[in-house]
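Trainee: Letter by letter, the chains look like this.
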Amino acid sequence: MDTDLARTWVQAIAAAVDQHKDHLTQLDSAIGDADHGTNMHRGFSAAVTALADYEPGTVGAVLVKTGTTLISTVGGASGPLYGGAFRAIGKALDTTTADAPQVAAALAAGLASIEKLGAAAPGDKTMIDAYAPALAAFRQQADAGADLGAAAVAAADAAEEGMRATAPMQARKGRASYLGARSIGHQDPGATSTALVFRALAETLGSRAESLGAR
Amino acid sequence: MKKLINSPDEVLTDALVGVAAAHPSLTVNPSDRYIARAGGPTPGKVGLVSGGGSGHEPLHGGFVGYGMLDAACPGEVFTSPVPDQILAATRAVDSGAGVLHIVKNYTGDVLNFQMAADLAADDGVRVEGVVVNDDVAVENSTWTAGRRGTGATVFVEKIAGAAAEFGADLGTTAALGQEVNDRSRSFGVALTPCTVPASGKPGFQLGEDEVELGVGIHGEPGRARGRLTSAREIVGVALDAIHADMPLSGDVLVMVNGLGGTPLIELYVVYAAVAEWLAGHGVWITRNLVGNYVTSLEMAGCTITVCRLTPQLTQLWDAPVVTPALRWGR
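These protein sequence lines are chains A and B, in that order. Following our numbering, the numbering of the first sequence begins with 108 at its first residue and continues without gaps. Following our numbering, the numbering of the second sequence begins with 14 at its first residue and continues without gaps.
No lab work stands behind these hints, which were simulated from the structure alone. Bear in mind that the values here come from a model prediction, so they are computed numbers and not experimental data. Backbone N, C-alpha and C define an ideal beta-carbon position, used for all residues, glycine too. Among the hints, a few may not be true.
Only pairs whose alpha carbons sit at most 30 Å apart, straight line, appear in this in silico DSBU-like list of lysine-lysine [unchecked claim]:
| # | chain 1 | residue 1 | chain 2 | residue 2 |
| --- | --- | --- | --- | --- |
| 1 | A | K128 | B | K16 |
| 2 | A | K128 | A | K223 |
| 3 | A | K223 | A | K198 |
| 4 | A | K128 | B | K214 |
| 5 | B | K58 | A | K128 |
| 6 | B | K58 | B | K214 |
Derived DEER-like restraints, expressed as beta-carbon distance ranges [stated by the list, open to error]:
| # | chain 1 | residue 1 | chain 2 | residue 2 | range |
| --- | --- | --- | --- | --- | --- |
| 7 | B | G304 | A | Q247 | 38 to 46 Å |
| 8 | B | P37 | A | G230 | 51 to 59 Å |
| 9 | A | A219 | B | A188 | 32 to 40 Å |
| 10 | B | S38 | A | A159 | 39 to 47 Å |
| 11 | A | D206 | B | M259 | 27 to 35 Å |
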């Protein structure tokens, strides 16, 4: 992964969020306050703009800039949680290129940031329920010597599986927790946007890996 | 969606322009997105900053002024403000005596205010916070994000604001705000949902004869759905829940607060039932507010907030206040 790919990843997230904005808001209407799609769209659009004329020295600089922009523009819980995660991932990638084990370690720092700020754990029906399995899958692939593209595809698949698994859970954090048992049966909007983030990573790194392989 | 707006994306910006035009006593910073007293910080006085998602007007901007807040940070509709604007407001109102953040207990509000407080501390501004969590409809347990902050926010802002105006230091002001929160409880009922402009659809659906019991102020559904019965019966459910959580006695301050779409005549019907219920339980309303203070866009329904007063809290409640939405005594 290099600075260009990091930027492409953020652009891919912005495109995915744009495409799924209404779906995210619809999920948030059911168990939250109907603003997740709007807020994520505002934040990632701002991040793409901020990166447009930014000349990063490292992979991490792209992601720190993204995180800072998200904190300043998203609001809600998602702003600090996603913003803090991207900043943590970026701070762990203080290099011009990064391989699969380096990205795995950085993604772990991102999860740690979310867990610390949100004081949430797996099973609470949050972003973590998509992020934690995605990280585990990425790490497993990286440990087995897989390239970035394969690791990211495995992570995206695991994130989506984790996302779907939030439906039967009862929320214990965030606004959905106010509903008690009535939160059961609805897929978590935060886990859903997290799955978009990992799918965007897979599309960014997967296509690159394929093109490199074809060369 | 039928709303008097120019565009869903411009609602907050347009409203802030309107606030600035309507209230020369306030200064609106459009780029940093905060509303402050026009005169700048009062020398030697603790600054009070609150904020939260928009859509709850007059909370919080309508409570900026003498005897209450120094600044308010409005987020997008139902979305907490971002750290940048809270930090800018905090810096702007600090006279050197420190700044009190009054934060409603929602994950987003708490996280963004905490980030701003940390950044302000790096700049040498002393910041303390009071987190308001008065809503008894939410079980305060490991199963939830904790109780929501609703109507008691007005009480905390008024009473802490009065204390600061009298010259209380940061620690004392924060302790009083905490005391008000600890002595207050709320319960909300919704008759209709509300529609966030950017989403365009109601937050939930309610049948013609249904009410949402224990509803929040963000259009999120409540904990249970009930039949629409009489105002008296609904008040009974609300006050039973409050009384079970914090036994009521002595003198109380009561707010019957409209959520935006309920006419004042119905709020007075509710207030009559509240007064009757409390009198029947040997509780005396010595101060009250009836009206729209913490709204949820155009939602029909109300919240009932009860604060067990002390002589000191009563005195601070009675102290002069001059804001767009609350003014007396001066």
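Trainee: Please go over all the hints and tell whether each is borne out by the structure.
Mentor: Status of the hints after comparison with the structure:
1. A:K128 - B:K16: 22 Å, holds
2. A:K128 - A:K223: 27 Å, holds
3. A:K223 - A:K198: 16 Å, holds
4. A:K128 - B:K214: Holds. K128 (chain A) to K214 (chain B) sits at ~14 Å (cutoff 30 Å).
5. B:K58 - A:K128: With a Cα-Cα distance of about 45 Å, the restraint between K58 (chain B) and K128 (chain A) is violated, given a limit of 30 Å.
6. B:K58 - B:K214: 44 Å, violated
7. B:G304 - A:Q247: 38 to 46 Å: Because 59 Å falls outside the window, the suggested range is violated.
8. B:P37 - A:G230: 51 to 59 Å: 53 Å, holds
9. A:A219 - B:A188: 32 to 40 Å: 34 Å, holds
10. B:S38 - A:A159: 39 to 47 Å: Holds: the Cβ-Cβ distance is about 41 Å, inside 39 to 47 Å.
11. A:D206 - B:M259: 27 to 35 Å: 58 Å, violated
The earlier numbered hints that this structure contradicts are 5, 6, 7, 11.
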